[in-house]
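Protein chains: 2
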Amino acid sequence: MEMTEGTPAALESLAKLVRYYILASTTEAGSGHPSSSLSAADLMVGLMFGGGFRFDVTRPGFSNNDRLIFSKGHASPLLYALWAAAGCISEEELMTMRKFGSPLEGHPAVALAFVEAATGSLGQGLSIGMGMALNARYLDKLPYRTYVLLGDSEMAEGSQWEAIQLAKEYRLDNLVGIIDVNRLGQRGETMYGHDLSAYEKRVAAFGWETILIDGHSMPEILGAFDRTQTLTGKPVMIIAKTIKGKGVSFIEDKNGWHGKVLKRDEFEKAVAELGDIDRSIRGEIPKPEDTAPQPAHPREAAEMIYPTDKPIATRRAYGNALARIFPQYPRIVALDGEVGNSTYAEIFGEHHPERFFEMYIAEQNMVGTALGLSRRGKIPFASTFAAFFTRAFDQIRMSRYSGANIKFVGSHAGVSIGEDGPSQMGLEDIAMFRTILGGVVLYPADAVSTERLVEEAARHEGIVYIRTTRKDTPILYSSTDSFVIGGSKVLRQSDKDHITIVAAGITLFEALAAYEDLKKEGVLIRVIDLYSIKPIDAATLKKAAWATMAIITVEDHFAEGGLGEAVQSALAEIPTPVHSMAVRRMPKSGKPDELLEYEGISRFAILQKVKELI
Amino acid sequence: MEMTEGTPAALESLAKLVRYYILASTTEAGSGHPSSSLSAADLMVGLMFGGGFRFDVTRPGFSNNDRLIFSKGHASPLLYALWAAAGCISEEELMTMRKFGSPLEGHPAVALAFVEAATGSLGQGLSIGMGMALNARYLDKLPYRTYVLLGDSEMAEGSQWEAIQLAKEYRLDNLVGIIDVNRLGQRGETMYGHDLSAYEKRVAAFGWETILIDGHSMPEILGAFDRTQTLTGKPVMIIAKTIKGKGVSFIEDKNGWHGKVLKRDEFEKAVAELGDIDRSIRGEIPKPEDTAPQPAHPREAAEMIYPTDKPIATRRAYGNALARIFPQYPRIVALDGEVGNSTYAEIFGEHHPERFFEMYIAEQNMVGTALGLSRRGKIPFASTFAAFFTRAFDQIRMSRYSGANIKFVGSHAGVSIGEDGPSQMGLEDIAMFRTILGGVVLYPADAVSTERLVEEAARHEGIVYIRTTRKDTPILYSSTDSFVIGGSKVLRQSDKDHITIVAAGITLFEALAAYEDLKKEGVLIRVIDLYSIKPIDAATLKKAAWATMAIITVEDHFAEGGLGEAVQSALAEIPTPVHSMAVRRMPKSGKPDELLEYEGISRFAILQKVKELI
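Line by line, the protein sequences are chains A and B.
So for the first sequence, our numbering puts the first residue at 1; every next one is plus one.
So for the second sequence, our numbering puts the first residue at 615; every next one is plus one.
One thing to keep in mind: the hints can contain errors.
[Stated by the list, open to error] Cross-link-like lysine-lysine pairs, in silico, DSSO-like; alpha carbons within 27 Å at most: (1) Lys-848(B) x Lys-263(A); (2) Lys-471(A) x Lys-877(B); (3) Lys-201(A) x Lys-848(B); (4) Lys-168(A) x Lys-1156(B); (5) Lys-1156(B) x Lys-542(A); (6) Lys-1223(B) x Lys-542(A); (7) Lys-201(A) x Lys-782(B); (8) Lys-99(A) x Lys-1205(B).
Just so you know, these hints were derived from the structure itself, not from any lab.
These numbers were taken from a predicted model, which means no experiment stands behind them.
Only chain A is shown next, with the shape it has when bound in the complex:
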């Protein structure tokens, strides 16, 4: 039997079926979150099968499908049940939930084509939805709408309020949030319990339209989604009073049932309570308008020009590069955390204002938005000070699980920024980005290599981090030199090298200066520009390790997880000793050179270390 969309009887039957699937799949899995799924079941059935949601089930990736993100990722049994009720997941597949190898993971994973983004770390879905809504409104110019299911507990996350504030600023009336106010968090009542007005006041104060409903009344649910279609100029939040565990009397509104499944006998009892369940019915979702974004036609980028005698900061080269290469990579967009005149993202913004998004000082939402844009086919470059990406580590880590294609660009790396002091110094960023599975970490020393590596980053599918420097640095390379992800440059070498210095960015110039001083004393050393820290050019490093008596790494970053450990790891099976010079003392304000000296990563420190070893 095929249901006609949206009749009350059909929706009632579908809601029952969805509840049945939630209970069956979680009991089969032996773990999961049935109670948190049941509270939102009516809301989501009303959304998906009530007629308002448009989705071509045969093309989950279709550009004009409405998007649905479960920010409360632990309600994944509901998500899977919905797509099963839509006929897109078989009952058999549903029963593989949480089992090894199943795309139906404990929390939504993009292995399942109907999942827009991996969620499960709370408070991230609204930012991702914002990225998708921004894309619809300002880039692809498509009528699709983005819906985000939110938990009440997760409204405590500040990231939610970053998204709420900025979605209003960008007038995203194509973005709809739904808060499932089921009163209970993991370990007890939430801050506001069932007080819907607490959410209403706060969300409305940020300029959103709010609609309060009983989340188990289908007419109210349908009425609310209906209203969201016509409201303009601002995003809408549906705030729904729900009962955790709704439909299973003995767990309804009860504490102690978070993340707990029914045992077999409890399951039988619960199913009996649900009454007749028609497992043959399937909900129909109307297709969206068959429209697609204007295809972008890549054109060749202009060539860069840097006079070889004029030092220039790599952060500025980043801005130049992005503006320059855009014609060749027309899927690029840029986002910046209110420091575009420091990161030089503003150069891109000046050239392509329609593709530059000011994200203000809210890094978590910037990264979530970038993920939403990436999932809609864009190539987002997101920039702020290297230090401030630590603010969004959770979003960065989660974006990896969504298969993100984001380029992060962190400026003001290291103690060499000088007087501003440690709060502004990126000293953990290499370590942080190195942990991203399959991620790329680039740290160019001069403008030419920066430009080339920005191009490589745009070409590369996946997460790339580019670390830039505040100070002007000399031009080292010519525009014919090539730079690749996973590469390095041997800048000084001979048959008589005693020691190899491996450096990148600012310390590369210290190493080159030390080379000159040592050469005057008749001591030759090898100098390698390790501009690609991950992946690492193990072959070149190993060759140097066998050819010289020791490796010295020098980095303007804390010792842990940085360039030094990357090299040690690459050479861990080779007997040549690797000595790490890195930031090990409490950083402070001072002149760049004073600080390099203080931390023992200056040309003099390198010179001394080499002499000590030979």
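Based on the hints, put chain B in the right spot on chain A.
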């Protein structure tokens, strides 16, 4: 001439002096943020010298002093100017600002006794203030008040709203925020410009009292601070309309003057505009009531009891330990991010409800609050899932610069949590905490070592991270075994060991199982429990490296920055090869054992690796 407190003429003169100091110190330094300092000058002069602020300038650390935190840390020239005007910093010292070795750093640093916490990464001060206010209200029970100066730009940070929401929940009427609405951010206008009502609506919606004033009208400023003294039941936000650069006509309200200092000639012109400046005056601050918190008397803790045959999760041992040792460390408080029934912080909460703070799902504010408590002499233990500490990396990093004494406890480490999937798996936490300068990273394998290491953490002054495991694990140790920060345990060893396995936590049991299997085949290996990953027991590792042909590290964590790289770093100068076994494939849902196998960190994988090497 000594000023009597609070007369209008005195305050006017002091405001002029403060402006003069701001300009003089920044022009002398050649960098800094005069315009952002000038906008808040009248507000802060009114606060500090208007009579409401109580502070014993001879005892900056005194427990009943009012606290003043500059969340907008870039207004440090104002902070220093205020303390200079209070007679606590000499003019000579003021002129050392931003110079190497000066306690007057580019952003406030705790090297200066009048700085309550290091700031400069925006949006963190209110959380820190919340910790200090919580301390006053619920722990030390002192009448001191906490004031936080906020920038308008930084209100975009979600962390602000986490603090705002929770300060209301804890009814902190001893907490006063002051938003310096100077309209201009770093690169242009803020989202709301001079629309004070935008801030008012939002802050009031979260239940705070709001007071709107002209931030350059001394009567309005004094009136506002007066009102904050009598309001009860909720925190207060003063929202002040100010002019960036106020007092220097040619930079007032002008874009392009953020973080820019006056040149010498501009400085002379600005000083002329200020009119007569009396550099001999000093502002008086009344002393607070000479009252101190009840001293806590440590009592000996009870002994732990774990039957050796009953496996128990280390996360549960954490909760047990904290409750048990509290009498001995009565400065302990516990905070948890709404997962106390998973981290088992709830055990402490049940025993000591008055010292347990539910922080809801808002990790950034939890860490900031912990810092505030730490700065007031408490020993905060803050817990959530290991994965979710990534949410607060910026706060963790900054807390180090405040000399924090915080213990972070992250549960649900690694792929071995199983079915919940990657969003819940802590796989970057060791790398993250290892970057903290001087920080300690502990990863106990069984309940006994966990209890001992929780004790060590409480005893240790500084940042400690303890990684706990979800699954029950067997008891390995007896209560007479000792565990120290920087230690390790050699669990299996002989004269004939071929290889050394270094593991910690869950993988230690895999290593021990591999040992048994290999022994049956006549192959002996050494097994080391590296429960202290930082600092690391280099001596024991080196001994093993010289005694065996290879080291194999095994960890339930990504390869980068984890246990393996810590060991490689410790052995980087020793020729013995170090092989790292770690999480290198995209994690997913599954049974713990399936996932250990999939990632190649199981007993079988170890067995195979050993055989491959010998």
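Here is what the structure says about each hint:
no. : hint                     : in the structure
1   : Lys-848(B) x Lys-263(A)  : violated, 45 Å
2   : Lys-471(A) x Lys-877(B)  : holds, 21 Å
3   : Lys-201(A) x Lys-848(B)  : holds, 17 Å
4   : Lys-168(A) x Lys-1156(B) : violated, 58 Å
5   : Lys-1156(B) x Lys-542(A) : holds, 23 Å
6   : Lys-1223(B) x Lys-542(A) : holds, 22 Å
7   : Lys-201(A) x Lys-782(B)  : holds, 15 Å
8   : Lys-99(A) x Lys-1205(B)  : holds, 7 Å
The structure fails to meet hints 1, 4 from the earlier list, while all remaining hints are met.
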